[in-house]
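Peer 1: Under UniProt numbering, the first residue of the sequence shown is numbered 1, with each subsequent residue one higher.
One thing to keep in mind: the hints can contain errors.
Simulated restraints on C-beta separations [unchecked claim]: (1) 183 - 68: 24 to 32 Å; (2) 185 - 15: 17 to 25 Å; (3) 162 - 123: 35 to 43 Å; (4) 124 - 18: 42 to 50 Å; (5) 80 - 180: 25 to 33 Å; (6) 54 - 150: 18 to 26 Å; (7) 18 - 182: 43 to 51 Å; (8) 180 - 85: 37 to 45 Å; (9) 186 - 75: 36 to 44 Å; (10) 53 - 76: 13 to 21 Å; (11) 186 - 123: 25 to 33 Å.
In the SDA-like style, the derived pairs of lysine to any residue whose C-alpha atoms are separated by at most 25 Å in a straight line are [unchecked claim]: (12) 46 - 115; (13) 46 - 171; (14) 53 - 121.
FYI, nobody ran anything at the bench for these hints, they're computed from the structure.
Glycine included, C-beta positions come from ideal geometry on N, C-alpha and C.
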Amino acid sequence: MLAATAGFLASRPHRPLDTSADAGFLRDMGAHHAQAVEMALIIYDKSEEPRLKTVAYDIALTQQAQIGRMDGWLTAWDLPLRGSQPPMAWMAGHDHGEGGRAPDRMPGLATDEQMAQLRESSGVEAEILFLQLMIEHHRGGVEMAEAAVRLASEEEVVSLAQGMIDAQQSEIDLMNEMLVARGAEPVE
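Given the sequences, and given the hints that come with them, work out the whole structure.
Peer 2: Here it is, written out as structure tokens:
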């Protein structure tokens, strides 16, 4: 009986702790992605420009699918979708530019005022605002994903984070080109 129990425990997959960088990243990136999906759907409905609509649709679909994947891992690990720690606590004490404490808010999130401005704007003004906000949003997401690559222990989390870095860097470049095409300055 003891041997059978030991064998079961040894074959059981490793699960990260509720307070791990893996769980914290998945939860926080899920919330971060939710805002990106909302922003993308707003501009998708407002814009008539096919290329921007395609980018917005891709962001919404990709990030919504990633939310599902991240929630699925938390569920498979028997972890709650909402953790016991405040947002961004998984980054505390690590080199992320906050002097050893977690950021007060997720990097790159648009404020409530900016979201209201996006909802109320129209035409090229809305497109430029969306591009500016989404570039900053992506930069914040890249910062979070880079921290996850350094801090996470689960291979699938590290792989997902690296994929986010690569995709969002590419989208930042594309969106800066789209800003210039609309007569606006690129976001530096």
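Peer 1: Each hint should be assessed against the structure and marked as holding or not.
Peer 2: Status of the hints after comparison with the structure:
Separated by about 38 Å at the C-beta atoms, residue 183 and residue 68 break the suggested range of 24 to 32 Å. A hinted range of 17 to 25 Å is violated for the C-beta pair residue 185 and residue 15, which are about 47 Å apart. Look at residue 162 against residue 123: about 37 Å separates their beta carbons, and that is inside 35 to 43 Å. Separation of residue 124 from residue 18 is about 46 Å and conforms to the stated range, judged on CB atoms against 42 to 50 Å.
Take residue 80 and residue 180: their Cβ atoms lie about 44 Å apart, and the range 25 to 33 Å is violated. Separation of residue 54 from residue 150 is about 33 Å and departs from the stated range, judged on CB atoms against 18 to 26 Å. At roughly 45 Å, the beta-carbon separation of residue 18 and residue 182 lies within the given 43 to 51 Å, and the hint holds. Here the CB-CB span from residue 180 to residue 85 is close to 41 Å, well matched to the stated 37 to 45 Å.
Range check, residue 186 to residue 75: about 40 Å between beta-carbon atoms, so the 36 to 44 Å window is met. With their beta carbons about 35 Å apart, residue 53 and residue 76 fall outside the hinted range of 13 to 21 Å. As the Cβ distance of residue 186 to residue 123 is approximately 20 Å, the hint placing it in 25 to 33 Å is violated. The hinted pair formed by residue 46 and residue 115 meets the criterion: a straight-line CA distance of about 14 Å does not exceed 25 Å.
Our distance criterion of 25 Å between C-alpha atoms is met by residue 46 and residue 171, whose separation comes to about 20 Å. Restraint check for residue 53 and residue 121: the C-alpha separation of about 16 Å stays at or below 25 Å, so the hint holds.
Hint compliance for this structure: hints 1, 2, 5, 6, 10 and 11 are broken, all remaining hints hold.
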